[in-house]
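Chemist: Model the placement of chain B on the given structure of chain A, informed by the hints.
These are the residues of each chain, in order.
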Amino acid sequence: MEKQVILNATQLELTLNRLSHQLIETHENFENSILIGLQPRGIHVATRLKKILESILGREIQAGNLDITFHRDDFRRRETPLLPSVTNIDFSVENKRIILIDDVLFTGRTIRAGLDALLTFGRPAQVQLLILIDRRFSRDLPIQADFVGKKVDTLFTERVAVEWNEIEGQDRVLLFSKEANETAQR
Amino acid sequence: MKQLSVDHLTGIVDLSTQDIELILETAQRFKEVINRPIKKVPSLRDITIANVFFENSTRTKLSFELAQKRLSADIVNFSASNSSLKKGETLVDTINNILAMKVDMVVLRHPNPGAAKFLSEKVNAKVINAGDGTHEHPTQALLDAFSIQEKLGSIKGKKVVIVGDILHSRVALSNIYCLQKLGAEVMVCGPSTLIPKYIDQLGVKVSHNLRTALEWCDVANMLRIQLERQDGAYFPTLREYAMQFGLDKNMLDSLSKEIVIMHPGPINRGVEISSDVADSKQSIILDQVENGVAIRMAVIYLLAGRIER
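Chains A and B are the protein sequences, given in the same order.
First residue of the first sequence? That's 1 in this note's numbering, and the numbers climb one at a time after it.
First residue of the second sequence? That's 187 in this note's numbering, and the numbers climb one at a time after it.
Excised from the complex, chain A in its bound form (with noise of 0.2 Å):
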C-alpha cells in the first residue's frame, strides 16, 4: 500500500486558519451558531476550528459531538453490529444554526445519517457542512460542502486519513492507494 501526504502539518494549519475565518465571514460572532462534530473522526476537526474561533473571536462557541450509528443506512448489511460512539449535545438545536463537521466527504452517506441524527435534537435553524477533505466526483448521494478545506481527485480503491497530533502523534492527511483488486470498503 502506497501513501501520499496530501497535507503536511503547517498546511493543515493553514487550512483550517482559513476554515475558521471563512465560518466568521458567514457566522460573524457565533451568537447562534454551533459547532457539531461528527464521531468518531469529525470531532478532531471540530475541536481544533473550535480552538481557532475561540482565539479569534475572545468568546466561549458551543460546540457537540454526533454519533451518527443508530442512523446509519448499512446496519446489518455488514458482519459485525456497528457499535456507536459518545453524542455529547446537552442543548437544544431549536432555531440554530448548526455546522455540521467531518474530516473526510467521500460517498455522503455518513452526512445523510448525520443530518437525520441532528434532526431528533430538534428543528435546527439552518444546517451548513464543513468537510476538511472533499473526495470529490464520488457521491453516492446529492449532498455537498458550504465549506471545504481541500478537494482531492481519488479512486474508489484508495483511502483519505487525516491524523492528528494527539492520537497518531502527527498532523497530516494521507492519500493511500490500495492494489487495485483490493475490493475497497464500498
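It is possible that part of the hints are untrue.
[Said to hold, decoys possible] Not close to chain B: a few residues of chain A, all C-beta gaps over 10 Å, as computed:
#1 Pro40
#2 Arg41
#3 Gly58
#4 Asp67
#5 Thr80
#6 Ser85
#7 Thr87
#8 Gly108
#9 Asp116
#10 Leu119
#11 Phe121
#12 Ser138
#13 Asp153
#14 Arg172
#15 Phe176
[As the list claims (entries may be wrong)] Pairs of lysine-lysine residues, derived as DSS-like cross-links and limited to a Cα-Cα distance of at most 25 Å, are as follows:
#16 B:Lys383 - A:Lys96
#17 B:Lys383 - B:Lys367
#18 B:Lys225 - A:Lys96
Think of the hints as simulated: they come from the structure by calculation, not from any bench.
Here a beta-carbon is modelled for each residue, glycine too, at the ideal position from N, C-alpha and C.
Modeler: For chain B alone, kept in the frame of chain A given last:
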C-alpha cells in the same frame, strides 16, 4: 470489531464478561438516545419482533415494547390468556406459526425453566429470555448491573446482597451470575426455607440476618416474596417475614454507611421494603426502570446485528 459471542440471550450464564460489558456500554449510548427530544432511532426498521408472554408481566413487557418501538422495529404481542395454547398447541408449534409470518426475533416469558433455551434450539429466530420460571431473567440482571455501575461508578469489588425469596427468584440467579462475572461479591439473605440448599456452590455468601447482611454490603437488592410460586408454607405469616427481613427507614438510618437500595418490582410496600425506604434518596428503583429500556434496546440491537440477511 466487538460483538456478542451468543446468538440468543437465554441466560446470563452463557454470556462472557466481555459480552456483558459490551451490552452495558451500548446501553449507555441508548440511554442518551431515550433522553433526546425525539427518542427514536431507525436502526431496526426492517426487523419484526414477537413478544410472547405466557406469564403476566407489566413492567418487563412495557419495557421491551418501548425498547423495540424506539429502535423502530415492528412488533406483535401475544399473551397466554388469549392464545391457542389452551386449544392444545405446543410451544414450538405456536412460535413456528408466529415465525411463519416472518418474525425475526422472539421475546419469551414462560413459567417453565429452560423454555427460552429450548426454543432457541428449535426455531429459526433470535430468542430473548424475558423470564423463564424460577430460572433466569437476564435483562433484569443486566439493568441492575447497569444501575449499580451508574450509581457507584463501577461494579468490580462492590458488595451486593440479594434479600428475600431467593428460592423462587429468577432475578436472584441472573443477578448472581452477572455480578460475579463483573467482579462483585454477592451475598444472599433470607429465611433458610427460601434459600436454596447448595447455593454456596455458586460462590455466594449466605446470611439469615438482615442487619449483618446490610452492614456488609454496598448495595441491597430487595426481592418480592413470590407468593404465586410458593407451593407450601415457607414462613408463618407475611407480617413475621416483614419484621425479620423487611427493610424500614429505622434500620436503614442505623447502618454505619449509606447503602444503595434496589428492587426489581413490583414492590409490596410494607413487606420486603417500607414506603419511606422505597421513596428515599438511597433508592434507585425508578432509575432501574428507566435503565431497563436502554438495556433492552442494547440487547435487541446487538442481537439484531447477528440476524442473517
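Chemist: Compare the structure with each hint and give your call.
Modeler: Results of checking the hints against the structure:
no., hint, result
1, Pro40, "holds, 12 Å"
2, Arg41, "holds, 16 Å"
3, Gly58, "holds, 32 Å"
4, Asp67, "violated, 7 Å"
5, Thr80, "violated, 4 Å"
6, Ser85, "violated, 8 Å"
7, Thr87, "violated, 5 Å"
8, Gly108, "holds, 18 Å"
9, Asp116, "violated, 7 Å"
10, Leu119, "violated, 7 Å"
11, Phe121, "violated, 6 Å"
12, Ser138, "holds, 24 Å"
13, Asp153, "holds, 30 Å"
14, Arg172, "holds, 26 Å"
15, Phe176, "holds, 20 Å"
16, B:Lys383 - A:Lys96, "violated, 63 Å"
17, B:Lys383 - B:Lys367, "holds, 22 Å"
18, B:Lys225 - A:Lys96, "holds, 20 Å"
The structure fails to meet hints 4, 5, 6, 7, 9, 10, 11, 16 from the earlier list, while all remaining hints are met.
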